[in-house]
Amino acid sequence: MGLRIQKEARPESMLINMGPSHPAMHGTFRIMLELDGEKILNAETEIGYLHRGFEKTCENKTYFNLLPYTDRLNYVSPQINNLGYAMTMEKMLGVRVPERAQMIRVLMCELSRISDHLTCLAAMAMENGAFTVFLYMMKAREFLWNVIEFTTGSRMTTSYIRIGGVRADLYEGWRDSVKTAVCETRAVLKDVHGLLDRNPIFLNRTRGVGAISREDALSYGWTGPCLRSTGILYDVRKAHPYLLYDRLDFDIPLGDHGDNYDRYKVRMLEMEQSLRLIEQVAALIPDAALPGKADEEIEPAEAIRRGRMSKPSERIRLSPNLEGSEKVRYPKILTVDAPVFVPPKEDTYTTMEGLISHFLFFMDGYGIRPPKGDVYFSVEGGNGEVGFYIVSDGTDRPYRLHLRAPCFHIVSALEQLIRGRLLADVIPTFGSMNMIGGELDR
Amino acid sequence: MMELALSFLVFGVLSAVMILINFILGPRKPNPAREKPFECGSPPLQSGIGPVNIPFFLVALLFLLLDVEIAFFYPLALAFRDRGLAGLTALGGFVLVLGLGIIYAWKKGIFRWS
Amino acid sequence: MEKENLIDEIRQRFSAELESDTETFGDQVLVVRREGLRAVMAGLKGLPFDYAVLLDLTCVDFLESESRFEMVYHLYSLSRNRRLRLKVSLPGANPVVDSFAGLWKNADWLEREVFDMFGVAFAGHPDLRRILMYEGFEGHPLRKSYPWRKEQPRIPLRD
Amino acid sequence: MSGLDFLTTRLETALGWGRKYSLFHYPFITACCGMEYMSAACAHFDIDRFGAGLTRFSPRQADLLLVVGTISHKLAPVLKTVYEQMLEPKWVIAFGACTVSGGIYQNYAAVQGIDKIIPVDIYIPGCPPRPEMVLDGLLKLQEKIQKQPQDWRWKKKT
Numbered sequence: 029m030g031l032r033i034q035k036e037a038r039p040e041s042m043l044i045n046m047g048p049s050h051p052a053m054h055g056t057f058r059i060m061l062e063l064d065g066e067k068i069l070n071a072e073t074e075i076g077y078l079h080r081g082f083e084k085t086c087e088n089k090t091y092f093n094l095l096p097y098t099d100r101l102n103y104v105s106p107q108i109n110n111l112g113y114a115m116t117m118e119k120m121l122g123v124r125v126p127e128r129a130q131m132i133r134v135l136m137c138e139l140s141r142i143s144d145h146l147t148c149l150a151a152m153a154m155e156n157g158a159f160t161v162f163l164y165m166m167k168a169r170e171f172l173w174n175v176i177e178f179t180t181g182s183r184m185t186t187s188y189i190r191i192g193g194v195r196a197d198l199y200e201g202w203r204d205s206v207k208t209a210v211c212e213t214r215a216v217l218k219d220v221h222g223l224l225d226r227n228p229i230f231l232n233r234t235r236g237v238g239a240i241s242r243e244d245a246l247s248y249g250w251t252g253p254c255l256r257s258t259g260i261l262y263d264v265r266k267a268h269p270y271l272l273y274d275r276l277d278f279d280i281p282l283g284d285h286g287d288n289y290d291r292y293k294v295r296m297l298e299m300e301q302s303l304r305l306i307e308q309v310a311a312l313i314p315d316a317a318l319p320g321k322a323d324e325e326i327e328p329a330e331a332i333r334r335g336r337m338s339k340p341s342e343r344i345r346l347s348p349n350l351e352g353s354e355k356v357r358y359p360k361i362l363t364v365d366a367p368v369f370v371p372p373k374e375d376t377y378t379t380m381e382g383l384i385s386h387f388l389f390f391m392d393g394y395g396i397r398p399p400k401g402d403v404y405f406s407v408e409g410g411n412g413e414v415g416f417y418i419v420s421d422g423t424d425r426p427y428r429l430h431l432r433a434p435c436f437h438i439v440s441a442l443e444q445l446i447r448g449r450l451l452a453d454v455i456p457t458f459g460s461m462n463m464i465g466g467e468l469d470r
Numbered sequence: 008m009m010e011l012a013l014s015f016l017v018f019g020v021l022s023a024v025m026i027l028i029n030f031i032l033g034p035r036k037p038n039p040a041r042e043k044p045f046e047c048g049s050p051p052l053q054s055g056i057g058p059v060n061i062p063f064f065l066v067a068l069l070f071l072l073l074d075v076e077i078a079f080f081y082p083l084a085l086a087f088r089d090r091g092l093a094g095l096t097a098l099g100g101f102v103l104v105l106g107l108g109i110i111y112a113w114k115k116g117i118f119r120w121s
Numbered sequence: 364m365e366k367e368n369l370i371d372e373i374r375q376r377f378s379a380e381l382e383s384d385t386e387t388f389g390d391q392v393l394v395v396r397r398e399g400l401r402a403v404m405a406g407l408k409g410l411p412f413d414y415a416v417l418l419d420l421t422c423v424d425f426l427e428s429e430s431r432f433e434m435v436y437h438l439y440s441l442s443r444n445r446r447l448r449l450k451v452s453l454p455g456a457n458p459v460v461d462s463f464a465g466l467w468k469n470a471d472w473l474e475r476e477v478f479d480m481f482g483v484a485f486a487g488h489p490d491l492r493r494i495l496m497y498e499g500f501e502g503h504p505l506r507k508s509y510p511w512r513k514e515q516p517r518i519p520l521r522d
Numbered sequence: 040m041s042g043l044d045f046l047t048t049r050l051e052t053a054l055g056w057g058r059k060y061s062l063f064h065y066p067f068i069t070a071c072c073g074m075e076y077m078s079a080a081c082a083h084f085d086i087d088r089f090g091a092g093l094t095r096f097s098p099r100q101a102d103l104l105l106v107v108g109t110i111s112h113k114l115a116p117v118l119k120t121v122y123e124q125m126l127e128p129k130w131v132i133a134f135g136a137c138t139v140s141g142g143i144y145q146n147y148a149a150v151q152g153i154d155k156i157i158p159v160d161i162y163i164p165g166c167p168p169r170p171e172m173v174l175d176g177l178l179k180l181q182e183k184i185q186k187q188p189q190d191w192r193w194k195k196k197t
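Protein chains in written order, with my numbering: chain H, 29 to 470; chain A, 8 to 121; chain B, 364 to 522; chain G, 40 to 197.
Accuracy of the hints is not assured; some may be wrong.
Said to hold, decoys possible - Just a few of them, taken from the derived set where beta-carbon distance is under 8 Å, the chain G residues facing chain B: (1) Tyr60; (2) His112; (3) Lys113; (4) Ala115; (5) Ile143; (6) Gln145; (7) Asn146; (8) Lys155.
Hints were generated in silico from the structure; no laboratory data involved. Backbone N, C-alpha and C fix where the C-beta goes; we use that ideal spot for every residue, glycine too.
Next comes chain H alone, as it looks inside the complex (with noise of 0.2 Å):
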């Protein structure tokens, strides 16, 4: 192969492949080192291993059909990226979501990103020899993913931001399973900043080593924990607000010198931000009016052969994977606006337009057409700036949809970081920039 760095490399010196199946690569990258000793010269990265046309997919599906590609693609925050696309949408669509529904979205963002963090910084202990950390982290990841999959169904991917509210809402119980969420993570985070902070073995390995410039940061366009490790405020949340997070006070940590450890602190200071959002998030919620336990239910085909004649007063005994989407709950989780409404279960068993909306809404060549044009949102995702930029031509499939993914320009700068340094830096440098395979190669 003609590679770059073949042709430049002196003869007396090493090259060694640090490969795609490498643990500290996370499966899917290859840095081609020339070393002198254990000094590096030169090296190049190559990526795309996990390229898997995610955007030449999303042309062939139509707009709520291709939800489920969205949570692949920062596959450590699902929902934020569930949340840029829906946002995108509702921008292109001029939809408004009801009020219940975004902060539901708040919550779920900044579980995502808290979790999303406690994987990077645990990836990043792990590989540094800190084991503990790694399973600490773990563990706390296991309670907030007990809150997404109560509420989702799913532990990871969810799917569960749609365009125009949220898919179902939250279970009764939700409220002690955030709050045994939130403290848990509390500790563990007590206790990593105890096993951390101030190590001699990890301030070694991090203090100074892969530090960038303000200048570098902006020219490679990184946005994120990595920016503002450098000293630059950018946070999506607070230069362009969405959602609730102009109305929540939280504020945004900075680094000072852009290495390894303030990558490292500011992702552990902002997890402390997040669970503060979380626990004003979950005050400002108020208790869903419960559909209550209705004296007689009937089942769904009884209630459409009763519907032939008059429409059944009873209530429907909905399946349990439509629980939380009930009709009483409905207008609050999902918004009423004609081209993204989904009508509930029980208009579509029981009224005549209830299910003439619902087949016309899945039926190929219908479902949500945009208007003509182009538009472009982002979020702030676990990594950076998460923006989608849709082109629509009308119909019920996006012309083009591209991703902003905010580790790919994090990553591009790795060859500049390492080069210089010794062959064991590669490993807390590349580990504190978060590299998602799934977000890096779309």
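Fit chains A, B and G to the given chain H structure using the hints.
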């Protein structure tokens, strides 16, 4: 005398079995790819390993030296009770000499990779 | 500077290169002629406008229209907290556009990705190679003419 | 059954028992299922309870190849090389829908199931599979190892 020979016999056979069991019971399927070096799955960039740098040799020698030193601690620790003070001074001298060696190497900076 | 007179300033400064400037869904869009693109980019990165960050760079393939490819640049000015979208249309035959790897360092990889996915060449790019696909891959997958499921396996597959 | 047959069947069950409870796995992690693998391997759902906890990051020391996450065509030769460099006896688990059948990525980039590249023993469906499904898949593999005819050096190839 008898139990010494017996213990050598038992432990010898046991360790031989544990070492050779792989050789006896492991299936053999020759595979050309297995001869190539493992480079994280990607094709190796250069064939063969070039000359290795000097600092690697220094660190290797130092390690060998100290490993042997630790190997000498073991019999001394066994025979320590009846040797008393004389044993302690012998051990102290031995450790002192090698300790000086390490401090000298440290100050000369063979661990600091220039 | 207020939003309006910033756009007027840009319009008046680069009147020769600008074809049109519209506003779709609340985003400011400038359509620039291909020849004047380098001047506009350098000017926007410069001080009065201070668009220091190249947020995103991508390409859209309009198969039907005669100027087939359309490059889309998103710039962001940190001090003014403003976003700007620039569009340049390229012919379908052999699309070439100036490379901005000199102005912004992330343009290097972004342009390599657009070259890999669309086949748009970038004049002056330091190392224009495929970035996402592998060597033996012919064609550019994100073009509308490339079929969605046409696999080109790299090693013989067992059926 | 002659004496020799009795001995060899006893040896095979002993070998099967030994091999099934000491699986060293090589986690070939690429995509989202890796997050679920982390949960399955860590304290909460602990894969170590079944003897497969020790992760070996070199194919020379691993006898179970755990392929986790989407395998794209660019990664196919890497997977094939790692599989061939593993020592006998070796087994492969396909973890997640993308490894089983290409999952939701039916396009030019993803390999439609890793049995197009290497022989697979156990398929774990799910996108991503829950940790309990992963442990269930591991138990099924252990059953398979116990029941399959063992291979050893002096065995007369029938």
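Now the hints, each set against the structure:
Hint status for Tyr60/G: violated, given a least beta-carbon distance of 31 Å to chain B, over 8 Å. Interface restraint check: His112/G against chain B, minimum CB-CB distance 5 Å, threshold 8 Å, status holds. At its closest, the beta carbon of Lys113/G sits 5 Å from a beta carbon of chain B; the interface hint therefore holds under the 8 Å criterion. Checking Ala115/G against chain B by beta carbon gives a least distance of about 5 Å; that is within 8 Å, so the hint holds.
The restraint placing Ile143/G at the interface with chain B is violated, with a minimum CB-CB distance near 13 Å, outside the 8 Å limit. Interface hint at Gln145/G: satisfied, since its Cβ lies 6 Å from the closest Cβ of chain B, which is below the 8 Å cut-off. The beta carbon of Asn146/G is positioned within 8 Å of a beta carbon in chain B (closest approach about 6 Å), and the interface hint is therefore held. Because the beta carbon of Lys155/G sits about 4 Å from the nearest beta carbon in chain B, less than 8 Å, this interface hint is met.
In terms of the numbered hints stated before, the structure departs from hints 1, 5, listed from lowest to highest.
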